[in-house]
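Visitor: Which chain is which? The protein sequence lines are S and D, in order. Each residue of the first sequence is one higher than the one before, starting from 1 at the first, in my numbering. Each residue of the second sequence is one higher than the one before, starting from 1 at the first, in my numbering.
Any given hint could be a false lead.
Repeated chains share a single entry, so a pair holds when one copy, or any two copies, can fit it.
To be verified - Each computed SDA-like pair below joins lysine to any residue, with the alpha-carbon atoms no more than 25 Å apart:
1) 164 with 76
2) 106 with 181
3) 112 with 62
4) 151 with 184
5) 112 with 161
Everything labelled a hint here was simulated from the structure, so no lab data went into it.
2 protein chains.
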Amino acid sequence: MEDDLTGKLTVGHGGQSYQDSHAESGQKERQNQMVQEKAQQMTPETQFMATAISLATENVVSGRGGPFGAVVVRGGEVVATGINQVTTSNDPTAHAEVVAIRNACKVLGSFKLDDCVVYTSCEPCPMCLAAIYWARCKAVFYGNSAADAAKIGFDDQLFYEELKRSNADRELPMMQWMSQEAWESFSAWEKSPMRIEY
Amino acid sequence: MEDDLTGKLTVGHGGQSYQDSHAESGQKERQNQMVQEKAQQMTPETQFMATAISLATENVVSGRGGPFGAVVVRGGEVVATGINQVTTSNDPTAHAEVVAIRNACKVLGSFKLDDCVVYTSCEPCPMCLAAIYWARCKAVFYGNSAADAAKIGFDDQLFYEELKRSNADRELPMMQWMSQEAWESFSAWEKSPMRIEY
Chain S
1 MEDDLTGKLT
11 VGHGGQSYQD
21 SHAESGQKER
31 QNQMVQEKAQ
41 QMTPETQFMA
51 TAISLATENV
61 VSGRGGPFGA
71 VVVRGGEVVA
81 TGINQVTTSN
91 DPTAHAEVVA
101 IRNACKVLGS
111 FKLDDCVVYT
121 SCEPCPMCLA
131 AIYWARCKAV
141 FYGNSAADAA
151 KIGFDDQLFY
161 EELKRSNADR
171 ELPMMQWMSQ
181 EAWESFSAWE
191 KSPMRIEY
Chain D
1 MEDDLTGKLT
11 VGHGGQSYQD
21 SHAESGQKER
31 QNQMVQEKAQ
41 QMTPETQFMA
51 TAISLATENV
61 VSGRGGPFGA
71 VVVRGGEVVA
81 TGINQVTTSN
91 DPTAHAEVVA
101 IRNACKVLGS
111 FKLDDCVVYT
121 SCEPCPMCLA
131 AIYWARCKAV
141 FYGNSAADAA
151 KIGFDDQLFY
161 EELKRSNADR
171 ELPMMQWMSQ
181 EAWESFSAWE
191 KSPMRIEY
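Using the sequences and the accompanying hints, generate a full structural model.
Guide: Now the structure itself:
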């Protein structure tokens, strides 16, 4: 199934090509339409989602963490799995998808998963979704929705709303400061012969 | 300085109270105004931002990773720092803020940093900002903006735009699937006597 997606996702093959695609809005619209048509044609494999759901349920039953499990798949094979470990590992970033991405990257020896699909028991929160973008994964299948998660007390939906707001409109105080000094780090990056882009 | 912020951020003290605050929009508006007034009164400490910027620049010069550094501060003391390690650790989630949050949680033996302030050399990407929300940090100071990061080739701004869109409008194909089966994990959570909320 994954092979059907190859080459389709410009966002999955580096930001530059995606940014280029913004240059012509007509082209972008056609591209979006093509992506969505392809998405509708996808036939997710039951076993991978069933694994993600089982991991989530077992995680609760064993008292290890929240009801979330994820599986990273490449070419019809499981590369790695992840479970929510926030409270047991004292790591607020140890959500199932983030853990699965970290594990998959270790297995593949790469910081990119651009030929991988994520199966997750719940719609990714903004942290996990952005991690999926950074890892350049090519598609996501999810079981429960963010709205479902809100029903049992998780803040996914709330954080999506917060992230949509401008910095000034968020409840979290955010302030830019020392921007002139901060540019020195970006300037160093621009000049560095050692930089590896990601 | 951090003490001035105590008790101000409902989002920093658990999602429930924040959700409750949405019940009355007038109350929420007043609360937002109060938060923003407080934010404008904050006087960030130069040394913490200077440290974050130095970490970012050193990270590039030493060839360890991207131009990003972060510092987690509590009660005027540095709890932990983080640098971008995406390419050297093969971990697309190893952004400076995420690394700093993980380190701070280890130091404090907690999955919450609700009395902590984050100083970061660049405006957090959506992954890092959501991690800051999950960790319940109470404020963020940043040097470079997401727009600045876009100028030197980083996708922060692009991913913010993607996250604002509905699932159907994103370039990343996302599809809900097996939602009925997935609810079993949430049902287990609702019934579990062992659950620790976060």
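Visitor: Against this structure, judge whether each hint is valid.
Guide: Verification of the supplied hints:
Proximity of residue 164 and residue 76 under a CA criterion of 25 Å is satisfied in neither setting, with 35 Å inside one chain copy and 31 Å between copies. When the C-alpha separation of residue 106 and residue 181 is checked against a cutoff of 25 Å, the pair qualifies neither within a copy, at 35 Å, nor between copies, at 30 Å. Within a single copy, residue 112 and residue 62 get their C-alpha atoms only as close as 32 Å, which misses the 25 Å cut-off; across copies the closest is 22 Å, which meets it. Taking the shortest alpha-carbon separations for residue 151 and residue 184, only the inter-copy value of 14 Å comes in at or below 25 Å, while the best intra-copy value is 45 Å.
In this homomeric assembly, residue 112 and residue 161 come within 25 Å of each other (Cα to Cα) only across copies, at 21 Å, whereas the closest approach inside a single copy is 28 Å.
Checked against the numbered hints above, the structure violates hints 1, 2; every other hint is satisfied.
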